[in-house]
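Q: Numbered according to this note's numbering, the sequence shown spans residues 349 to 424.
Keep in mind that the hints were calculated from the coordinates and are not lab data.
Since this is a predicted model, take the numbers as computed values, not measurements.
Fair warning: there could be bad hints in the mix.
[Said to hold, decoys possible] Each pair of labels, with its calculated beta carbon distance range:
1. HIS402 - ALA378: 17 to 23 angstroms
2. LYS385 - PRO415: 28 to 34 angstroms
3. PRO415 - ASP383: 45 to 51 angstroms
4. GLU366 - THR389: 32 to 38 angstroms
5. LYS391 - GLN421: 38 to 44 angstroms
6. GLU422 - GLU370: 30 to 36 angstroms
7. THR389 - ASN417: 40 to 46 angstroms
8. GLU394 - GLN421: 41 to 47 angstroms
9. GLU416 - ASP383: 17 to 23 angstroms
10. ALA410 - ASN386: 33 to 39 angstroms
11. THR388 - GLU366: 27 to 33 angstroms
Cβ coordinates follow ideal geometry from the N, Cα and C atoms, glycine included.
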Amino acid sequence: MKYTKGGNFTTQEMSMLETLQELQDVIDIAKMFCDNKNDTTYKNLEFTEDYITHLRKKIKIALEHVPENIQKQEYL
Numbered sequence: 349m350k351y352t353k354g355g356n357f358t359t360q361e362m363s364m365l366e367t368l369q370e371l372q373d374v375i376d377i378a379k380m381f382c383d384n385k386n387d388t389t390y391k392n393l394e395f396t397e398d399y400i401t402h403l404r405k406k407i408k409i410a411l412e413h414v415p416e417n418i419q420k421q422e423y424l
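Kindly generate the complete structure, drawing on both the sequences and the hints.
A: Written out as structure tokens, the structure reads:
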């Protein structure tokens, strides 16, 4: 997991892509605790992973239209 400032940060200080990476890391850990890949929980986690990938693409496209200074100011 990627933390900023040695583990001390506020949610606001994390960019959207960093937040998605944190969620991805939590999902990966949760999948390790599932009994098997046919488990409903595991399948739900896989669906969530797919959705995170979808969001990541949408965010990257959207950020192409936001000036860099605004991205830094708003922690995007």
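Q: Evaluate each hint against the coordinates.
A: Going down the list of hints, with the structure as the test:
{"no.": "1", "hint": "HIS402 - ALA378: 17 to 23 angstroms", "result": "19 angstroms, holds"}
{"no.": "2", "hint": "LYS385 - PRO415: 28 to 34 angstroms", "result": "44 angstroms, violated"}
{"no.": "3", "hint": "PRO415 - ASP383: 45 to 51 angstroms", "result": "48 angstroms, holds"}
{"no.": "4", "hint": "GLU366 - THR389: 32 to 38 angstroms", "result": "25 angstroms, violated"}
{"no.": "5", "hint": "LYS391 - GLN421: 38 to 44 angstroms", "result": "40 angstroms, holds"}
{"no.": "6", "hint": "GLU422 - GLU370: 30 to 36 angstroms", "result": "18 angstroms, violated"}
{"no.": "7", "hint": "THR389 - ASN417: 40 to 46 angstroms", "result": "42 angstroms, holds"}
{"no.": "8", "hint": "GLU394 - GLN421: 41 to 47 angstroms", "result": "36 angstroms, violated"}
{"no.": "9", "hint": "GLU416 - ASP383: 17 to 23 angstroms", "result": "46 angstroms, violated"}
{"no.": "10", "hint": "ALA410 - ASN386: 33 to 39 angstroms", "result": "36 angstroms, holds"}
{"no.": "11", "hint": "THR388 - GLU366: 27 to 33 angstroms", "result": "29 angstroms, holds"}
Hint check: violations occur at hints 2, 4, 6, 8, 9; the rest are consistent with the structure.
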